[in-house]
Amino acid sequence: MSSTRTDSKLFGLLVEFETPAALLKAAEKVRDAGYKKFDCHSPFPIHGMDQAMGMKRSNLGYLIAIFTIIGAAAGLGLQYWVHSIEYPHIISGKPLFAWQAYIVVMFAMFVLFGAGAAVFGMLHINRLPRLHHPVFFSDRFSKVTTDGFFISLEAADPQFDLQKTEAFLREIGGAYIERLEEK
Amino acid sequence: MKFDQKTYRLTDTDSIGLKAFIIGDLAILLSLYGYFSDTGQFFHSYLTAFTFWTTLSLGALFFLLVHYLAGSVWCIVFRRIAEALAANLPYLAIFSIPVLLGIGNLYHWSDPQVVAADHLLQKKSAFLNVPFFTIRTIAYFLIWSITIFLLYRNSLRQDIEKGFDLQSKLRRVSAIGMVLFALTLTFASFDWLMSLDPHWYSTIFGVYIFAGTYLIILSFLALFSLFLRHYGVLKETITIKHYHDLGRLIFAFTVFWAYIAGSQYFLIWYGNVPEETVWFLQRWEGSWKYLSLILVFGHFAIPFLALLFRAAKRNLKVLGSVAGLLIVMHFIDLYWIVLPSLHSTGVQFSWLDLTTFIGIGGILLGLFWKRLVSRSLIPVNSPRLSESVKYTDS
Numbered sequence: 001m002s003s004t005r006t007d008s009k010l011f012g013l014l015v016e017f018e019t020p021a022a023l024l025k026a027a028e029k030v031r032d033a034g035y036k037k038f039d040c041h042s043p044f045p046i047h048g049m050d051q052a053m054g055m056k057r058s059n060l061g062y063l064i065a066i067f068t069i070i071g072a073a074a075g076l077g078l079q080y081w082v083h084s085i086e087y088p089h090i091i092s093g094k095p096l097f098a099w100q101a102y103i104v105v106m107f108a109m110f111v112l113f114g115a116g117a118a119v120f121g122m123l124h125i126n127r128l129p130r131l132h133h134p135v136f137f138s139d140r141f142s143k144v145t146t147d148g149f150f151i152s153l154e155a156a157d158p159q160f161d162l163q164k165t166e167a168f169l170r171e172i173g174g175a176y177i178e179r180l181e182e183k
Numbered sequence: 184m185k186f187d188q189k190t191y192r193l194t195d196t197d198s199i200g201l202k203a204f205i206i207g208d209l210a211i212l213l214s215l216y217g218y219f220s221d222t223g224q225f226f227h228s229y230l231t232a233f234t235f236w237t238t239l240s241l242g243a244l245f246f247l248l249v250h251y252l253a254g255s256v257w258c259i260v261f262r263r264i265a266e267a268l269a270a271n272l273p274y275l276a277i278f279s280i281p282v283l284l285g286i287g288n289l290y291h292w293s294d295p296q297v298v299a300a301d302h303l304l305q306k307k308s309a310f311l312n313v314p315f316f317t318i319r320t321i322a323y324f325l326i327w328s329i330t331i332f333l334l335y336r337n338s339l340r341q342d343i344e345k346g347f348d349l350q351s352k353l354r355r356v357s358a359i360g361m362v363l364f365a366l367t368l369t370f371a372s373f374d375w376l377m378s379l380d381p382h383w384y385s386t387i388f389g390v391y392i393f394a395g396t397y398l399i400i401l402s403f404l405a406l407f408s409l410f411l412r413h414y415g416v417l418k419e420t421i422t423i424k425h426y427h428d429l430g431r432l433i434f435a436f437t438v439f440w441a442y443i444a445g446s447q448y449f450l451i452w453y454g455n456v457p458e459e460t461v462w463f464l465q466r467w468e469g470s471w472k473y474l475s476l477i478l479v480f481g482h483f484a485i486p487f488l489a490l491l492f493r494a495a496k497r498n499l500k501v502l503g504s505v506a507g508l509l510i511v512m513h514f515i516d517l518y519w520i521v522l523p524s525l526h527s528t529g530v531q532f533s534w535l536d537l538t539t540f541i542g543i544g545g546i547l548l549g550l551f552w553k554r555l556v557s558r559s560l561i562p563v564n565s566p567r568l569s570e571s572v573k574y575t576d577s
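Residue numbers (our numbering), protein chains in the order written: chain A, 1 to 183; chain B, 184 to 577.
No lab work stands behind these hints, which were simulated from the structure alone. Note that the structure is a prediction, hence the values are computed from the model and not measured. One should not assume that every hint holds.
Subject to a maximum C-alpha distance of 27 Å in a straight line, what follows is the list of computed DSS-like cross-link-like pairs (lysine-lysine) [unchecked claim]:
1. B:Lys424 with A:Lys56
2. A:Lys29 with B:Lys573
3. B:Lys307 with A:Lys56
4. A:Lys94 with B:Lys472
5. A:Lys25 with B:Lys424
When you get a sec, could you build the whole thing from the sequences and use the hints?
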């Protein structure tokens, strides 16, 4: 067992709940108690969980907006430079700066940069890719893919106090509580 | 306006339907005077107004078809409004008679002398001739009327009979109706609008009209629900989340409209074939240029930027303004398609544009209102209604 090792540091607490409804209620209580660094784990998405956990709306949209504009500007800039400055050829009677023709590439770059920002921004905000997480030290946690509903509360949270937090989790209906080690 | 919270019916309707009906009748009478004073203008204005109100009802039909096919829950609260609007389609068949009578004034492919001197029109005459055009128009309205008849009747039966049986029946009707809708809308727009310039063709034209069609029904639903909300009707039923979803769809379809309009323009610009470019060239002539630019900004850029932010879609004032703007823009869009074939040098507004629009619209909205208030405003026994009312988004 990892808890017997001496070099390990406490990561936090893992607490299990019986039902999705209980998990939702518990998340609200943990949020109201002022904890910030905690996460909920369930086999399927639970409606209203974002609110129950007190999560704010993601800023990803703004990131995507910035990148789409950069992408479209890059598409326009590239074509302007190619067609008007570096290789000024008249093609099928169109003017050198034929903006109509550039829209397709601008749109494609707009989408490409936007999609890239969405995917990689999402990964960054979620702190992914991550190869391991202390919750996986728990044998019990494998239930999370079938019928387990868990909250993991990190010791790094300023509110965290091992005894008090453990008592608190038991009070809000945690059926099973386990201490998680860092390594 | 009084509203019964138990039956979801309007008990006092301020005789809005009757008022609309009377205004419509007066406007039609005025337009009749215009028919004698300026026949060409009358038919062109009439065609613009007729296609506007037809596309509104067709949009409502499409809204229902998608709703049943996708089994979507959120839009159940809008269903009665869309049904009452789409049920105008049989009446629109009557309003199509002046268009058929005006074929000679509207479509120069109907003139044998013009066709005799035009090789291209001779080749197209197998499709573009008066009898076949009339048969097609009748066929469109027959198909649309049967579809909405089946949908509306079964939906009303649901108020009495409970259960999912009717729901699956509605879905079956919608599956066939959807295929027919795509074909009929495409060919109707080819016939009524694209053949105004029989030399010109654009295969994407039907989709272009569809984009505007769906956009105005969404805008109309938003605006009409806000109108009801103003009187405190269905305030708790059509919630901010429903408006938010309408806003999302309106936002998406402004982009869709721009994408289709842009594609149509772009391919023609790129190909640079004279018989295709002439259409856009004509719409860049004189003051038509400004109308073209108004469409680019009013139909796309302004609604797009206005609805880009989540808060804007949930702000009923912003959503209502954009919806109103888009309804005006759809009319301008159709005006921009139809009228250059009459006034080729520049925009010439006529009072007939207004009277035909109000005439057809007044009568149809009067019928719509009468139909709407004779029943409960939401399908009270729809199996998934409670989900729609309680609908939450994430």
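For each hint, the structure was consulted:
no.	hint	result
1	B:Lys424 with A:Lys56	holds (18 Å)
2	A:Lys29 with B:Lys573	holds (24 Å)
3	B:Lys307 with A:Lys56	violated (61 Å)
4	A:Lys94 with B:Lys472	holds (20 Å)
5	A:Lys25 with B:Lys424	holds (24 Å)
The structure shown violates just one earlier hint, number 3.
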